[in-house]
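Here is how the chains run, residue by residue.
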Amino acid sequence: MLGLPADLRAQQAGGGTLVIGSTQVPRHFNGAVQSGIATALPSTQIFASPLRFDENWKPQPYLAKSWEVAPDGLSITLKLVDDAVFHDGKPVTSEDVAFSIMTIKANHPFKTMLAAVDMVETPDPKTAVIKLSHPHPALLLAMSPALMPILPKHVYGDGQDVKSHPANLKPVGSGPYKLAEYKQGEYYTLEKFDKFFIPGRPKLDKIVVRLISDPNALMVSAERGEVHAVPFVTGVRDIDRLQKSKNIVVTDKGFAGLGALNWLAFNTKKKPLDDVRVRQAIAYAANRDFIVNKLMGGKAMPSTGPIAPGSPLEEKNVQLYKLDIAKANKLLDEAGLKPDGNGVRATLTIDYLPGSDEQQRNVAEYMRSALKRVGLNLEVRAAPDFPTWAQRVSNFDFDLTMDSVYNWADPVIGVDRTYLTSNIRKGIIWSNTQQYSNPKVDEILGKAAVETSPEKRKALYSEFQKIVVDEVPVFFINAVPFHNAFANGLGGLPTTIWGVVSPLDELHWVTPPKT
Amino acid sequence: MTLLTHLFGKLANAAALLLAVLVLNFCLIHLAPGDPVQVIAGEMGGASAEVIADLRAKYGLDDSLLQQLFTYLGKVAHGDFGYSYYFNQPVLGLIGQRLPASLYLALSSLLTAVVIGTLLGVVSARRPNGLLSHVVTVLSLTGYAAPIFWTGLMLLLLFGSVWPVLPVSGMADVVNPKTGFAYVRDVATHLVLPSLTLALVFIAQYSRLARVNMIDVLSADYVRTARAKGLPERVVIFKHALRNALIPIVTVVGLQFGNLFAGAVLVETVFSWPGMGRLVFDSILRRDYPTLMAVLFFSAVMVIAANIITDLVYRLVDPRIRAGAR
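If you're matching them up, the sequences are chains A and B in order. Numbers 1 to 515, taken from our numbering, label the letters of the first sequence in order. Numbers 1 to 326, taken from our numbering, label the letters of the second sequence in order.
Mixed in with the good hints there might be a few duds.
Claimed, not checked - Computed footprint of chain A on chain B; a stretch qualifies when at least three of its residues, placed anywhere within it, have a C-beta under 8 Å from a C-beta of chain A:
| no. | region |
| --- | --- |
| 1 | 73-79 |
| 2 | 274-288 |
Unchecked claim - Some residues of chain B that are not near chain A, with every Cβ distance over 12 Å (derived):
| no. | residue |
| --- | --- |
| 3 | Leu22 |
| 4 | Leu28 |
| 5 | Val122 |
| 6 | Phe149 |
| 7 | Ser219 |
| 8 | Ile247 |
| 9 | Thr251 |
| 10 | Phe271 |
To be clear, the hints were calculated from the coordinates, so they are not data collected in a lab. Keep in mind that this is a model prediction, so the values were computed, not measured. Note that beta-carbon positions come from the ideal geometry of N, C-alpha and C, so glycine has one too.
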């Protein structure tokens, strides 16, 4: 061994260090009580979960070596792997699974995700039986690493509030990496866990996540090879720039689970937008193809309905609202919005989510000129920061707003919230702030949530998507063009539906970088 | 008035001022639209009404504003600056982690600006209508007029991309951490770009100030006398003239301390420098009230301290002030 050059030795042993550059600062590392990608990225390395998913949305064993859904859909039995241990050496048992599921149910912001869980039985240390009050097909996806980290009961079960538990910053999990160091505002370091229960994994010795707040500095660092991976790049010019660098591979795979959509939302309770014809007219006057192909340089995928492209539940056969100015004018005439002497039918405001100019502000500005052609005057209202925008939109103080909302894999987790009448909740952002209400939609979503037959479930969601697209509480524009950049020489790239918010235990250096 | 009673009076003033700062900060921050709970809910991807209500109660945000203010002042009186909603840590700990980085940045850029600025000013004052003088004037005006983040970005592209010789982000090499002297050198290398960016704005001001004052002083009688005595030009300029020309510069250094912090917010964000400026930026975006109020409070403490120190230095540089002649 000693005689081999360093490069070759590193290759044979696997190993090496990967440096990830990210603008996302985690609040803490416990994904059981905090959603969002800033926490999910480290949490899925530190904590293992019952299942994981491949790129075809198929569940794979992880902490659970097998799982069985009862024929009545009212319970799921998990058999845990034998040799999983936490980073402190204690074995992972069904007690930990039961504790974690109940903790997530009580504390995770996605209330619908585990609402159906009544209790978790633990007949023996390696068997957990999840008892449900009604069938809950979304549960399998909810068992993904990003959504169901298994916490050690002996650490978190000490009676302290889990949301502010000190262990959230010094986490103990059973995942492939353990947290070695967190330097607030600078970086955190994840180290290979030697006793990880999958033999030969993880392949890397160390992952350093550098927190680089400025996207320009991040791009320069990637081009210089100082960071080896940049996840969640959305800027069209940044993507373009990275694609041109010959040392970097750029991929848009690994985001299907998040299902992030950019859309134009309407306040359906405010005149004249309470008239479906006005909303349809706006959809006909806005050219989705132009936005996607020109404004976003073809980097983004068009989205035509509430379920994100890439999901097996997406219904493509919906009303597309291809650009049609004549039709838009006709609909506005029918809705009684007659042009005044200056050709203006109405004056409305449009807001946008601050932070992503290419996805949000530019589209809002485009809408202003696009709608002028049909006699609608749009005033773009810029908000200086997220809280200001959220305050307006969540209090229904808006006409139109651009927005970016995530599907989170299953409609029950991330889609229903936008359309259910019961989720019209003033003051809460990303609830049904459109105030859209249709009893038929409520009924279908209710049925689909508990439908155990995959075919019937798909049919119900198809119907739902067609109705929502016809009634346009939201005009769907595009999937957020998330891309991951990786240095050449890396193998085992994360291309599953959860991408980098799933364990990076297969990622490795084929050709390690020169240091 | 002895120096001690003078200092005591200054400190009493400072205490009153800091109380006013606390109250004013509280009011201004709470006037901004949106609240931290909405941000937390937002980052959670949308939370339920129950979660929101729980969070509001937990952070005492459902109390009246006046009550929140008194609770806050009471806590601060006991040295408790609260718990960061966003970073899930006690605020004092957060500031403790960030403060050294900020001080490195502020002091190094201040030093750079004062030294280079003064030298440029002195050099250009010797021939006020010479070519060098005009070049310095134009350059300093450009440095002063350019937005700080733009200067930062240009330096970042120049030294990060076009001619990649300097690190562009962070405070130290985190992949191969250094120790001892190598660590000091590592941090110093990382400091060059942010420190230079911040210094450029101030170099301009100091060089203009030094130039004007030197021109003024160089035409004074005592300088003519010194020259007439046949003293070497170096001694005339640096010993006789500069000492008097420095007084306004010292004053400005003290006054500029606050501007330095404002500039640091932008510089730290561009170069991912882990100081208080970035903490402020992150806390504003997240309406992290406790962190924001504490950072602003400690910035005020530093600005006031800088002013008191300036006042003392002023007395040392100019004996006339010490003697009480006003």
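So which of the earlier hints does this model not fit?
1, 6 and 10
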